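> Keeping their order, the protein sequence lines are chains P and F.
Each residue of the first sequence is one higher than the one before, counting from 1 in this note's numbering.
Each residue of the second sequence is one higher than the one before, counting from 1 in this note's numbering.
Fair warning: there could be bad hints in the mix.
Because identical chains share one entry, a pair is satisfied inside a single copy or across any pair of copies.
[What the hints assert, rightly or not] In silico lysine to aspartate or glutamate, EDC-like type, Cα no more than 16 angstroms apart, as pairs: (1) Lys102 x Glu139; (2) Lys102 x Glu76; (3) Lys53 x Glu39; (4) Lys191 x Asp121; (5) Lys162 x Asp67; (6) Lys126 x Asp147; (7) Lys24 x Glu38; (8) Lys53 x Glu38; (9) Lys102 x Asp71; (10) Lys24 x Asp91; (11) Lys191 x Asp6; (12) Lys191 x Asp147; (13) Lys53 x Asp68; (14) Lys162 x Glu186; (15) Lys191 x Glu127; (16) Lys102 x Asp91; (17) Lys53 x Asp6; (18) Lys53 x Glu194; (19) Lys191 x Asp71; (20) Lys191 x Asp68.
Everything labelled a hint here was simulated from the structure, so no lab data went into it.
This one's a predicted model, so the numbers in the text were calculated from it and none came from an experiment.
Protein chains: 2
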Amino acid sequence: MVMMNDPIGRIAQELARLPGIGQKSAMRLAYFIASMPEEQVRSLASALWNGRKAIRYCSICGNFSTDDVCDICQNENRHNGQICVVRDPRDVAAIERMRDFKGLYHVLHGTLSPMNGIGPDDIRIKELVSRLSDDSITEVILCTNPDIEGEATATYIARLIKPMGVTVSRIARGVPVGSDLEYADEVTLAKAMEGRREM
Amino acid sequence: MVMMNDPIGRIAQELARLPGIGQKSAMRLAYFIASMPEEQVRSLASALWNGRKAIRYCSICGNFSTDDVCDICQNENRHNGQICVVRDPRDVAAIERMRDFKGLYHVLHGTLSPMNGIGPDDIRIKELVSRLSDDSITEVILCTNPDIEGEATATYIARLIKPMGVTVSRIARGVPVGSDLEYADEVTLAKAMEGRREM
Chain P
1 MVMMNDPIGR IAQELARLPG IGQKSAMRLA YFIASMPEEQ VRSLASALWN
51 GRKAIRYCSI CGNFSTDDVC DICQNENRHN GQICVVRDPR DVAAIERMRD
101 FKGLYHVLHG TLSPMNGIGP DDIRIKELVS RLSDDSITEV ILCTNPDIEG
151 EATATYIARL IKPMGVTVSR IARGVPVGSD LEYADEVTLA KAMEGRREM
Chain F
1 MVMMNDPIGR IAQELARLPG IGQKSAMRLA YFIASMPEEQ VRSLASALWN
51 GRKAIRYCSI CGNFSTDDVC DICQNENRHN GQICVVRDPR DVAAIERMRD
101 FKGLYHVLHG TLSPMNGIGP DDIRIKELVS RLSDDSITEV ILCTNPDIEG
151 EATATYIARL IKPMGVTVSR IARGVPVGSD LEYADEVTLA KAMEGRREM
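Just chain P, same shape as in the assembly (with noise of 0.2 angstroms):
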């Protein structure tokens, strides 16, 4: 449907790679770029281009960094004897919205997923258990997702640092706040129940 010669097209086809644009919505933002002001596409494109650019990985955490390491490794005020292990960098953007987590991250850039073939190799496991060399590490929190792959992650790497000597512990998993038990799934439920508090 999209024709390679024309800039429209390209643009259009360009823009149906990422997550969420159809090949419809991918069509009308072209032809909204192609009559958007040369000025402001150039800023899109350079923005796009040049951040893109100017983004690395951390190379203690692994989050999204513009330097070696990242502002968040590198703030002495962030209580470094605790861990957030997270699957992605988004996944600390969530977390640092939050403004009441204040220790170090670890982003393992994938889950274990043996049917996708991604095996404990293949994300930053390795990278974790070198940072727990460092004795001031006390707590690893595992925030990986309540989902099959993220609860298979965090018990893998429980399993595999616990003998290390250092606390490790799971984000709760229960009835979102706000939400409607009647709502609530079986499994939430009963992980809800299960994780109760004396009050």
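Guided by the hints, dock chain F onto chain P, whose structure is given.
Same frame as chain P, now just chain F:
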């Protein structure tokens, strides 16, 4: 919410200017772009920028074009006696997809909208009038949208050009093919009745 100093925030900020992309999806896209291979981001950015630079307006019909005169206006196989008047280039693409219309186009780049201060001199009406000095043009089909502004624009143009001795027609308004009468609004239904044809 968006931080100016970080590349991901800048990408998100630029993307959020596009229609239909809110702050949240812009952020999600920006994270996706941050993890895309550099080569793909370069290809996206260059499609945007080089695409936009390549696009100008056909000096005859006003449609997007890469040349001074667009492919449709240049095509000798098109029937040059009919001009279909539309609001913007997207409408040309929609009608072309139908593969049924063999005439030429005229893109107004807007509709009359006194509320928004858009008068006859702000859209390409003068250019349409001057095209009509060519005697080969026998029919002008007004294909502006069937909404208040589109109707007003069609009425205005019809009054202006009818005295020039050209047939002026308006696309039919009626019930969409495949739709259910029960759900048609009254105005559409009234137009469909009014426009009925003997079988």
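> Hint by hint, say whether it matches the structure.
Each hint, compared with the structure:
1. Taking the shortest Cα distances, Lys102 and Glu139 sit within 16 angstroms of each other inside one copy (13 angstroms), while across copies they are farther apart (72 angstroms).
2. In this homomeric assembly, Lys102 and Glu76 come within 16 angstroms of each other (Cα to Cα) only inside a single copy, at 11 angstroms, whereas the closest approach across copies is 70 angstroms.
3. Taking CA atoms no more than 16 angstroms apart as the test, Lys53 paired with Glu39 passes between copies only; the shortest distance there is 10 angstroms, against 21 angstroms inside one copy.
4. In this homomeric assembly, Lys191 and Asp121 never come within 16 angstroms of each other (Cα to Cα): the closest approach is 30 angstroms inside a single copy and 67 angstroms across copies.
5. Neither within a single protomer nor between protomers do Lys162 and Asp67 lie at most 16 angstroms apart by alpha-carbon distance, with minima of 32 angstroms and 68 angstroms respectively.
6. Neither within a single protomer nor between protomers do Lys126 and Asp147 lie at most 16 angstroms apart by alpha-carbon distance, with minima of 22 angstroms and 62 angstroms respectively.
7. With identical chains, the CA atoms of Lys24 and Glu38 are never at most 16 angstroms apart, being 23 angstroms at best within one copy and 25 angstroms at best between copies.
8. Taking the closest pair of Cα atoms, Lys53 and Glu38 come within 16 angstroms of each other only across two copies (7 angstroms); inside a single copy the shortest separation is 22 angstroms, beyond that limit.
9. Taking identical chains as interchangeable, the C-alpha atoms of Lys102 and Asp71 lie at most 16 angstroms apart only when both belong to the same chain, with a minimum of 13 angstroms there against 61 angstroms between chains.
10. Taking the closest pair of Cα atoms, Lys24 and Asp91 come within 16 angstroms of each other only across two copies (14 angstroms); inside a single copy the shortest separation is 30 angstroms, beyond that limit.
11. In this assembly of identical chains, the alpha carbons of Lys191 and Asp6 never lie at most 16 angstroms apart, being 54 angstroms within a copy and 38 angstroms across copies at closest.
12. Taking CA atoms no more than 16 angstroms apart as the test, Lys191 paired with Asp147 passes inside one copy only; the shortest distance there is 12 angstroms, against 54 angstroms between copies.
13. Taking identical chains as interchangeable, the C-alpha atoms of Lys53 and Asp68 lie at most 16 angstroms apart only when both belong to the same chain, with a minimum of 14 angstroms there against 36 angstroms between chains.
14. When the C-alpha separation of Lys162 and Glu186 is checked against a cutoff of 16 angstroms, the pair qualifies neither within a copy, at 30 angstroms, nor between copies, at 70 angstroms.
15. In this assembly of identical chains, the alpha carbons of Lys191 and Glu127 never lie at most 16 angstroms apart, being 30 angstroms within a copy and 69 angstroms across copies at closest.
16. In this assembly of identical chains, the alpha carbons of Lys102 and Asp91 lie at most 16 angstroms apart only when taken from the same copy (15 angstroms versus 54 angstroms across copies).
17. Taking identical chains as interchangeable, the C-alpha atoms of Lys53 and Asp6 lie at most 16 angstroms apart only when they sit on different chains, with a minimum of 12 angstroms there against 27 angstroms within one chain.
18. In this assembly of identical chains, Lys53 and Glu194 lie within 16 angstroms of each other by CA distance neither inside one copy nor across copies; the values are 46 angstroms within and 61 angstroms between.
19. For the identical chains of this complex, Lys191 and Asp71 are neighbours neither inside a copy (35 angstroms) nor across copies (63 angstroms), given an alpha-carbon limit of 16 angstroms.
20. Taking the shortest alpha-carbon separations for Lys191 and Asp68, neither the intra-copy value of 40 angstroms nor the inter-copy value of 66 angstroms comes in at or below 16 angstroms.
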